[in-house]
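There are 2 protein chains.
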Amino acid sequence: MIEFTSRQKKIIEIVEKSQPITSQDIATLLKVTRATLRPDLSILTMSGVLDARPKVGYFYTGRPHVNLIEQQIKSIRVEDIMSVPVVVTEEMSVYDAIVTMFLEDTGTIYVVSEGILVGVVSRKDFLKNAIGGIDINKVPVAMVMTRMPNITTIFPEESIWVAVNKIVEHEVDSLPVVEKLVDEGKEKLKVIGKISKSNMAKLLVELCRE
Amino acid sequence: MIEFTSRQKKIIEIVEKSQPITSQDIATLLKVTRATLRPDLSILTMSGVLDARPKVGYFYTGRPHVNLIEQQIKSIRVEDIMSVPVVVTEEMSVYDAIVTMFLEDTGTIYVVSEGILVGVVSRKDFLKNAIGGIDINKVPVAMVMTRMPNITTIFPEESIWVAVNKIVEHEVDSLPVVEKLVDEGKEKLKVIGKISKSNMAKLLVELCRE
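For the record, the sequence lines run as chains A and B.
In this text, residue positions in the first sequence follow the UniProt record's numbering: the first is 1, and each later residue adds one.
In this text, residue positions in the second sequence follow the UniProt record's numbering: the first is 1, and each later residue adds one.
Here chain A stands alone, though its shape is the one from the complex (with noise of 0.2 Å):
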């Protein structure tokens, strides 16, 4: 999918025509400087199409075989960019869950009892109930949320790579984050934490910039 520059792509045909060659014959042939080539050289060699071989030259390998991005994404954990979570209780009502919502301005709510994990909800289940006729003062949200083990979770020190693909893979804007406890020997989830589209849409607004 990457597509190179047509500097790039020139590089790639003179190499492929007169390996093993020097930065410094490329960019005789390309009429530039060796530092104007510096950074096309190092992308080509970085994706695997290229080989620079120190006291010998370039060669053209013909196909990416590193992928920097994947390594990148592998290389940040989720507690490295997570958010902070907005939890309500199983009793609160559908009617002042869904002000919780608008007021710190998210679009899921995690339903906790005494800092456990018990349940999700978003604006999709909230509208579906909201235009079902329900009582939304009366009902409280335990009714309307999906419930563990129906819960798609993620763990603080695993990478954004893992996360990005159960988001994908599960169709969900956000998965919390969970420690596991053992209380009288049953595993707990306690939520500490979010990561959302948006925490991925911003990861990949940093990750150009730097």
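A hint or two may mislead.
[Stated by the list, open to error] Distance ranges between label pairs, derived from CB positions:
| # | chain 1 | residue 1 | chain 2 | residue 2 | range |
| --- | --- | --- | --- | --- | --- |
| 1 | B | I116 | A | E114 | 52 to 60 Å |
| 2 | B | R147 | A | T100 | 47 to 55 Å |
| 3 | B | I134 | A | G115 | 31 to 39 Å |
| 4 | A | V99 | B | R147 | 23 to 31 Å |
| 5 | A | T146 | B | E187 | 41 to 49 Å |
No lab work stands behind these hints: they were computed from the structure.
Predicted, not measured: the structure shown is a model, and the values here were computed from it.
We put the beta carbon where it would ideally sit given N, CA and C, even for glycine.
Following the hints, put chain B in place on chain A, whose structure we already have.
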């Protein structure tokens, strides 16, 4: 932000101390083969930490100066990954528009008049109005939508880089992709697609898979 592996960090240390140094000499010091080192050296060259000069060896330059992710994101155009938009007309009732939203499983719909963009309406807008006590069967979608010119749009030939920046800056879930038409001397925008945070998450997954 890029996190190097421990071997990559060792390579940086070695080059910093003994530059210029050949890949063979680095391999000998680390007791691995040159083939093993090749992906690491590619990443370090690409990210600009090392500079490879054929016939001389590797130099330490200290900091990244090329951004492969930026180059890649800037090379992908909106029309390459945009989705099909869900559009309704201004006269449709809020109730019918919400039903359309659920049937199409989308979070934002665009309101058009003869194909021309006049408004945008999201789950958030609907939810606000649904609990606000309006008669959603009678009120038309035109009453609750965000109107032009308060809508951030994008053109199909713009890059994903521009799109993701607009999404983050304007805090929206999606942008209508539009084409400019001139009708009786007036500029109008025809909706031809949609680009959303979901497209960005899918793109991240794809970029990592390549």
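Each hint tested on the structure:
Roughly 53 Å separates the CB atoms of I116 (chain B) and E114 (chain A), a value that falls within the hinted 52 to 60 Å. Under the hint 47 to 55 Å, the C-beta atoms of R147 (chain B) and T100 (chain A), about 28 Å apart, miss the expected range. For the hinted restraint 31 to 39 Å between I134 (chain B) and G115 (chain A), the CB-CB distance of approximately 38 Å keeps it satisfied. With their beta carbons about 26 Å apart, V99 (chain A) and R147 (chain B) fall inside the hinted range of 23 to 31 Å.
The given range of 41 to 49 Å is respected by T146 (chain A) and E187 (chain B), whose C-beta atoms sit roughly 44 Å from each other.
Checked against the numbered hints listed earlier, the structure breaks hint 2 alone; every other hint is satisfied.
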